[in-house]
Amino acid sequence: MIEILNPAELDRARATGALLGGILQTLKSRTAVGTNLLEIDRWTHELIVGAGAQSCYVDYAPSFGRGPFGHYICTSVNDAVLHGLPHDYRLADGDLLTLDLAVSLDGIAADSAISFVVGASRPAESVALIDATERALQAGIAAAGPGARIGDLSHAIGTVLSAAGYPINTEFGGHGIGSTMHQDPHVSNTGRPGRGYTLRPGLLLALEPWVMVDTDTLVTDADGWTLRSATGCRTAHSEHTIAITDDGAEILTLPRG
Numbered sequence: 021m022i023e024i025l026n027p028a029e030l031d032r033a034r035a036t037g038a039l040l041g042g043i044l045q046t047l048k049s050r051t052a053v054g055t056n057l058l059e060i061d062r063w064t065h066e067l068i069v070g071a072g073a074q075s076c077y078v079d080y081a082p083s084f085g086r087g088p089f090g091h092y093i094c095t096s097v098n099d100a101v102l103h104g105l106p107h108d109y110r111l112a113d114g115d116l117l118t119l120d121l122a123v124s125l126d127g128i129a130a131d132s133a134i135s136f137v138v139g140a141s142r143p144a145e146s147v148a149l150i151d152a153t154e155r156a157l158q159a160g161i162a163a164a165g166p167g168a169r170i171g172d173l174s175h176a177i178g179t180v181l182s183a184a185g186y187p188i189n190t191e192f193g194g195h196g197i198g199s200t201m202h203q204d205p206h207v208s209n210t211g212r213p214g215r216g217y218t219l220r221p222g223l224l225l226a227l228e229p230w231v232m233v234d235t236d237t238l239v240t241d242a243d244g245w246t247l248r249s250a251t252g253c254r255t256a257h258s259e260h261t262i263a264i265t266d267d268g269a270e271i272l273t274l275p276r277g
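For the sequence shown, the numbering used here gives the first residue as 21, with consecutive numbering after it.
There could be a bad hint or two in this list.
Unchecked claim - Computed Cβ-Cβ distance ranges for the label pairs, DEER-style:
| no. | residue 1 | residue 2 | range |
| --- | --- | --- | --- |
| 1 | A144 | G214 | 33 to 41 Å |
| 2 | G114 | S49 | 41 to 49 Å |
| 3 | T46 | G167 | 30 to 38 Å |
| 4 | H107 | A140 | 18 to 26 Å |
FYI, nobody ran anything at the bench for these hints, they're computed from the structure. No residue lacks a Cβ here, since even glycine has one placed at the ideal position from N, Cα and C.
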């Protein structure tokens with residue numbers, strides 16, 4: 021299903037995106053060396069409920085997971101990159117943490133992810149990974165607009181990631197979003213320009229470049245959810261929900277200043 025939102029629905033999407041962006045920034049500001057992943061999950065629950073919103077994850081039960089997910093946020097550490105199931109782990113200095121969150125407010129969902137290093141350490145490899153995903157995300161957004169094709173966005177994202185020297189996995193990528201969290205079209209993190217669905221005003225897309233240092237192969241934890249790099253290398257993931265407008269693309273998941 022591909023949804024095209026009307027102006028009133030887009031206003032609701034803006035509210036959902038701003039809420040989500042604010043929650044992620046609050047969680048990042050609270051997270052420090054010694055923070056337990058289960059604390060982050062609890063804070064997320066409190067922030068979502070306090071805003072009158074709903075979690076898109078707690079009852080999430082897709083075919084590839086061991087569902088339902090049962091938590092409110094994905095917390096992926098170091099070699100974990102996607103669907104990190106919160107568990108009893110206290111963050112250490114230098115850990116690379118990805119927080120991936122999706123919420124729904126007034127019937128419209130938004131999805132976003134941030135990666136950052138915990139504590140005072142700044143390992144060069146981790147900083148480079150995060151930077152590459154953030155630059156790829158901006159490239160994908162810059163390529164988006166009415167009349168652009170999905171392949172144009174995928175090509176822009178993949179060009180940045182490949183130039184940075186990272187292998188690209190195509191099993192998981194970006195997606196349409198609207199009244200539900202995951203919709204068509206799929207947005208691969210690499211692709212050929214001029215191919216795929218033509219973007220129209222009112223379309224929402226969640227773009228999410230993610231990479232692993234030296235592999236494009238994932239392995240699944242015994243929890244049935246957490247996806248890690250097959251080699252144990254570090255990973256990073258950046259994501260925004262955008263709306264296609266009459267003259268370009270609007271980032272919805274930025275916190276309101």
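Query raised in the report: Hint by hint, which ones does this structure get wrong, listed from lowest number up?
Result: 2
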